[in-house]
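Peer 1: My request is simple: use the sequences and hints to build the entire structure.
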Amino acid sequence: MPPRAERAAGGEDASRVARVWKLVIAQAASRPGRASVADVCTAAAASVDVSGAWVTAGDGMNPGQAIYATDLAGESLAELQITLGEGPCHDAAASGAPVLAANLADASGNQWAVFAEAAVRAGAAAVFALPLRVGAIRVGVLGLYRDKVGPLDTLQLGNALILADIATMLLLDAEARQADDPLVGAPPASQSPGLAAHHAEIAQATGMLTEQLGVGITEAFARLRAYAYVQDRRLSDIAHEIVTRRLRLEPDPPG
Amino acid sequence: MNQELLTDTFVDLADTLVADFDVIDFLHLLSDRAVELLGASAAGVMLADPRGQLRLVAASSEAVRLLEVFQIEGEEGPCLETIRTGRPIVEPDLAHAKHRWPRFTPAALQAGFTAVHAIPMRLREQVLGGLNLFRDQPGPFDSADMRIGQALADTATIGLLHERNLRRAEIVGEQLQAALNSRVVIEQAKGKLAERLGLDMDAAFTALRRYARDNNLRLSDLAQTFIEGDPAEFPGLTQPAHHRHRQ
Numbered sequence: 093m094p095p096r097a098e099r100a101a102g103g104e105d106a107s108r109v110a111r112v113w114k115l116v117i118a119q120a121a122s123r124p125g126r127a128s129v130a131d132v133c134t135a136a137a138a139s140v141d142v143s144g145a146w147v148t149a150g151d152g153m154n155p156g157q158a159i160y161a162t163d164l165a166g167e168s169l170a171e172l173q174i175t176l177g178e179g180p181c182h183d184a185a186a187s188g189a190p191v192l193a194a195n196l197a198d199a200s201g202n203q204w205a206v207f208a209e210a211a212v213r214a215g216a217a218a219v220f221a222l223p224l225r226v227g228a229i230r231v232g233v234l235g236l237y238r239d240k241v242g243p244l245d246t247l248q249l250g251n252a253l254i255l256a257d258i259a260t261m262l263l264l265d266a267e268a269r270q271a272d273d274p275l276v277g278a279p280p281a282s283q284s285p286g287l288a289a290h291h292a293e294i295a296q297a298t299g300m301l302t303e304q305l306g307v308g309i310t311e312a313f314a315r316l317r318a319y320a321y322v323q324d325r326r327l328s329d330i331a332h333e334i335v336t337r338r339l340r341l342e343p344d345p346p347g
Numbered sequence: 010m011n012q013e014l015l016t017d018t019f020v021d022l023a024d025t026l027v028a029d030f031d032v033i034d035f036l037h038l039l040s041d042r043a044v045e046l047l048g049a050s051a052a053g054v055m056l057a058d059p060r061g062q063l064r065l066v067a068a069s070s071e072a073v074r075l076l077e078v079f080q081i082e083g084e085e086g087p088c089l090e091t092i093r094t095g096r097p098i099v100e101p102d103l104a105h106a107k108h109r110w111p112r113f114t115p116a117a118l119q120a121g122f123t124a125v126h127a128i129p130m131r132l133r134e135q136v137l138g139g140l141n142l143f144r145d146q147p148g149p150f151d152s153a154d155m156r157i158g159q160a161l162a163d164t165a166t167i168g169l170l171h172e173r174n175l176r177r178a179e180i181v182g183e184q185l186q187a188a189l190n191s192r193v194v195i196e197q198a199k200g201k202l203a204e205r206l207g208l209d210m211d212a213a214f215t216a217l218r219r220y221a222r223d224n225n226l227r228l229s230d231l232a233q234t235f236i237e238g239d240p241a242e243f244p245g246l247t248q249p250a251h252h253r254h255r256q
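As you go down the protein sequences, you meet chains A and B in turn. Under the working numbering, the first residue of the first sequence carries the number 93, and numbering increases by one thereafter. Under the working numbering, the first residue of the second sequence carries the number 10, and numbering increases by one thereafter.
Honestly, the hints are just simulated from the structure, not real lab data.
Coverage of chain B stretches by chain A, computed from C-beta distances (three or more under 8 Å per stretch; other residues unrestricted):
| hint | segment |
| --- | --- |
| 1 | 53 to 67 |
| 2 | 203 to 214 |
| 3 | 231 to 239 |
Listed next, the stretches of chain A that the computed footprint assigns to chain B, with coverage defined by at least 3 CB atoms under 8 Å from CB atoms of chain B:
| hint | segment |
| --- | --- |
| 4 | 237 to 250 |
| 5 | 300 to 308 |
The structure presented is a predicted model; accordingly, all values stated were derived computationally and were not measured. Ideal Cβ positions, reconstructed from N, Cα and C, are used throughout, including at glycine.
Peer 2: As structure tokens, then:
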């Protein structure tokens, strides 16, 4: 049977998240400290075939502040959009969907004429903006650029989306550490990033925890992940127990 | 076959360029109407995520969700096959399909489903997902029903990619991801409402959908603002006394 859509449907690709995560870990091993969004950006160059990458962090409808870029061009592209208040990263942050501009010079396809012109001068021919989101939880945008025109193929888009999921979890982990949550000491994104971002019961349980704990959705998700980590159990199992009302979390964190 | 409902369904599925169009609500309409029109007990819509996995985006009940999740994790089953081959997959009697899908079949039988028809959602050469119909009685599927099922799936595929400019290939990827993220937002909102009112997830979803319709809101916009806002701002949603049944 000719596996036309094999890339996009299960099979051996069930381990793709793990493979992309290994690429990020390999980047992290080459420098001191924990894995961070910097490693996601450098891994992008290897697995998505882009010239450079950047990450912005912010929790609203805007892309937020640039926190890392692989090179000068990436930095310019991030800053240009912040300065101009327009560009694919803005659209991605506002809509929650990726914005894939495979040819910045093609005026018919883009709505950000000023940014596009400046981006081409900065050395970009194509820009891809991927929102860092878990449903209603928004943490920023992953930006990728190429110095040649051309779209991401299905495999590259898939890897870019997985990298965006990983960047999302790393930013959430970093936030939790700053807030002195029990995630301190946790290996970053130790739970499968793909699963955490797309599993229906995890999303339902996160929503339930906003009410049980009286907190916002971002903190509810942090508390859910922290609980699973402390208990050393699968996030999906904990979520299932919450959704089936066999487990409730208390407003005050234990310990 | 209810001709009037069939006509209405095609009109509704084609009506995707309206301002308040919501893709997840739309795919739920597809699964609900497929159940009503085609004599199925349950239906579910799955999309192929470029991340390499299938995602259930709409289902006529949570029972289908459990089955589809099993199908995703088990990496076998009729919907996976229809997406891989681009062809419809029919199994009129699951009692005889234990070798075909050794893990999926027992789960389906246990959920009360004895026959399955999986229909590909195609855009030219690309298979974007599948519509699965489940029945609680074994027996062959009617060939006219099967053609209507494919027509519903085809119409829904165009609706899913409701951007006009389908020649830009990237739009497909952008639209699919928008749909997948909307679905997560809606699941989060279901959880919040279910906890607040002591509802099960099906009832919470029904309440969200009804409120969105009654107030001319897009379901995913409602879900987003409900999660971010104070539930007291949604009095009609958080105090629907007539369908409260605290567990």
